[in-house]
Every structure is written in structure tokens, then in C-alpha cells.
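Taken in sequence, the protein lines are chains A and B.
When you line the first sequence up against the working numbering, it's residues 21 to 135, in that order.
When you line the second sequence up against the working numbering, it's residues 24 to 135, in that order.
A portion of the hints provided could be inaccurate.
Here are the simulated distance ranges between beta carbons [unchecked claim]:
{"hint": "1", "chain 1": "A", "residue 1": "Thr-102", "chain 2": "B", "residue 2": "Glu-104", "range": "21 to 29 Å"}
{"hint": "2", "chain 1": "A", "residue 1": "Gln-62", "chain 2": "B", "residue 2": "Ser-43", "range": "42 to 50 Å"}
{"hint": "3", "chain 1": "B", "residue 1": "Lys-80", "chain 2": "A", "residue 2": "Leu-135", "range": "39 to 47 Å"}
{"hint": "4", "chain 1": "A", "residue 1": "Thr-102", "chain 2": "B", "residue 2": "Ala-33", "range": "16 to 24 Å"}
{"hint": "5", "chain 1": "A", "residue 1": "Val-23", "chain 2": "B", "residue 2": "Lys-80", "range": "35 to 43 Å"}
{"hint": "6", "chain 1": "B", "residue 1": "Glu-83", "chain 2": "A", "residue 2": "Lys-61", "range": "38 to 46 Å"}
{"hint": "7", "chain 1": "A", "residue 1": "Ser-29", "chain 2": "B", "residue 2": "Glu-104", "range": "20 to 28 Å"}
{"hint": "8", "chain 1": "B", "residue 1": "Glu-83", "chain 2": "A", "residue 2": "Thr-77", "range": "30 to 38 Å"}
{"hint": "9", "chain 1": "B", "residue 1": "Lys-86", "chain 2": "A", "residue 2": "Gly-36", "range": "25 to 33 Å"}
{"hint": "10", "chain 1": "B", "residue 1": "Ser-41", "chain 2": "A", "residue 2": "Asp-85", "range": "23 to 31 Å"}
{"hint": "11", "chain 1": "A", "residue 1": "Lys-40", "chain 2": "B", "residue 2": "Pro-63", "range": "20 to 28 Å"}
{"hint": "12", "chain 1": "B", "residue 1": "Gly-39", "chain 2": "A", "residue 2": "Gln-49", "range": "27 to 35 Å"}
{"hint": "13", "chain 1": "A", "residue 1": "Gly-119", "chain 2": "B", "residue 2": "Ser-43", "range": "26 to 34 Å"}
{"hint": "14", "chain 1": "B", "residue 1": "Gly-39", "chain 2": "A", "residue 2": "Asp-85", "range": "52 to 60 Å"}
The hints are simulated quantities; they were obtained by calculation from the structure and are not laboratory data.
Backbone N, C-alpha and C define an ideal beta-carbon position, used for all residues, glycine too.
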Amino acid sequence: GAVVSQHPSWVICKSGTSVKIECRSLDFQATTMFWYRQFPKQSLMLMATSNEGSKATYEQGVEKDKFLINHASLTLSTLTVTSAHPEDSSFYICSARRGALDEQFFGPGTRLTVL
Amino acid sequence: EDQVTQSPEALRLQEGESSSLNCSYTVSGLRGLFWYRQDPGKGPEFLFTLYSAGEEKEKERLKATLTKKESFLHITAPKPEDSATYLCAVRGTQGGSEKLVFGKGTKLTVNP
């Protein structure tokens, strides 16, 4: 099966600091990666779509300058939450799309808590 | 606009009691319908992708079917470890869309 990893799995930070989350496709190359956030008992909310080597496409209402996405290679995408505030506390999940079959696999998620 | 509706929102079953989850969708050109399982505090786990009406896929106690308007996830003789939220999503062809459109999920609880 296809494996997507995320690091860290959880992070606690102080308000005003920046946090970087890494997403890696371990056994396949992902031309497209996605970043979601999920609030308790709610479904996934797509934040942005990123293609390797190009700028991410953000969903309406998602602040580009707050949530910086870099898709530097076919196996790595990063999400940086800049100047984090308590309202940014959430569960962040990345996903990677594999090949011609259009399958999409998710990472285990990162729990961010901003104090 | 692509839409996905899942029902029921929650389902409680006794161990061994078979049932089905429904996913109704509207999409302008279906590229794929996806089923995922999500456990609390974890990312969704891929189960199936279906591409065309009439297609069926099976994995252990799960079987997914697809028509032009809906998909069913049949659970045969479920066990407590099948308890999870099951998510359905579609990817359409409109505008070269890359993204999945998710339903709100069905929370399944299987009691021993």
C-alpha cells in the first residue's frame, strides 16, 4: 500500500511562533499534495492544493500568508503556520495523490495546540 | 457544484449484524468515488476507489458498490474493530478539478 507520513504528530507552541509540518510520500511520487484541517467531530476541510515546483492553490477563506505551503519535491510538502494563534489550534492532515488511478492517500495527521 | 451526502449520520450495530452505508452524489463527470475509514485522532485510511457504475470492490468484511447516483458500503458480520467513521468522497472532471469533495461521514459503532 501507499504510505504517507507526517512530522510531527503533535506540537504545542506559544502564540506568535511559527510551526512547520512535514508531509512525505514514502513509497511513491506524488505530483499533487493536499492540506486539510479538521475540527472535532467535523469533516475534512481542504486548505490548499500543491503541485511540485509550483505555487499552492488556496481555498477561499484560507490566508496564504498565514499558511505557507512548499512542495519542493515529488515526495515532500511542508505547511508552515506563521505567527500561530490559539484559533489555529486544530488537526492538520496532508494527503498525496498517486498516479494515473487518481488514488489519494492521507497522512496520520498533526495535532497543533497554540497556547 | 459537486455534492456528497452520506446517510445515516450514525449507525449502531450488534456484532455480526450486517448493514449498509449510503453515499449519494452529484458530480459533473465522475473521475472517481472514494471510501475512507477514519479512527479518532487519525488520518483517513484508504479503502476503495470506484470509477464507473456497476463496479464493485471487496476487502475483508467490506464491499463497495457504485451506481450513477450513489454508492453503498456493505458491512458483512461486523466486528467491534470495524467501529469508525466512514467517509465518502468524489472527484469530478469539472474545470480540471484536483480536489475531493467529502461527505460528512457515517459514524459506525459495533457493539460486542
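Going through the hints against the structure:
1. A/Thr-102 / B/Glu-104: 21 to 29 Å: 40 Å, violated
2. A/Gln-62 / B/Ser-43: 42 to 50 Å: Roughly 24 Å apart at Cβ, these two residues miss the hinted range, so it is violated.
3. B/Lys-80 / A/Leu-135: 39 to 47 Å: Holds, at about 45 Å.
4. A/Thr-102 / B/Ala-33: 16 to 24 Å: 38 Å, violated
5. A/Val-23 / B/Lys-80: 35 to 43 Å: 20 Å, violated
6. B/Glu-83 / A/Lys-61: 38 to 46 Å: 27 Å, violated
7. A/Ser-29 / B/Glu-104: 20 to 28 Å: Holds, at about 22 Å.
8. B/Glu-83 / A/Thr-77: 30 to 38 Å: Distance hint for B/Glu-83, A/Thr-77 holds at roughly 37 Å.
9. B/Lys-86 / A/Gly-36: 25 to 33 Å: With a Cβ separation near 50 Å, B/Lys-86 and A/Gly-36 fall outside 25 to 33 Å, so the hint is violated.
10. B/Ser-41 / A/Asp-85: 23 to 31 Å: Between B/Ser-41 and A/Asp-85, where Cβ atoms are some 51 Å apart, the hint is violated.
11. A/Lys-40 / B/Pro-63: 20 to 28 Å: 25 Å, holds
12. B/Gly-39 / A/Gln-49: 27 to 35 Å: 42 Å, violated
13. A/Gly-119 / B/Ser-43: 26 to 34 Å: For A/Gly-119 and B/Ser-43 the Cβ distance comes to about 30 Å; the hint holds.
14. B/Gly-39 / A/Asp-85: 52 to 60 Å: 53 Å Cβ-Cβ, so the 52 to 60 Å window holds.
The structure fails to meet hints 1, 2, 4, 5, 6, 9, 10 and 12 from the earlier list, while all remaining hints are met.
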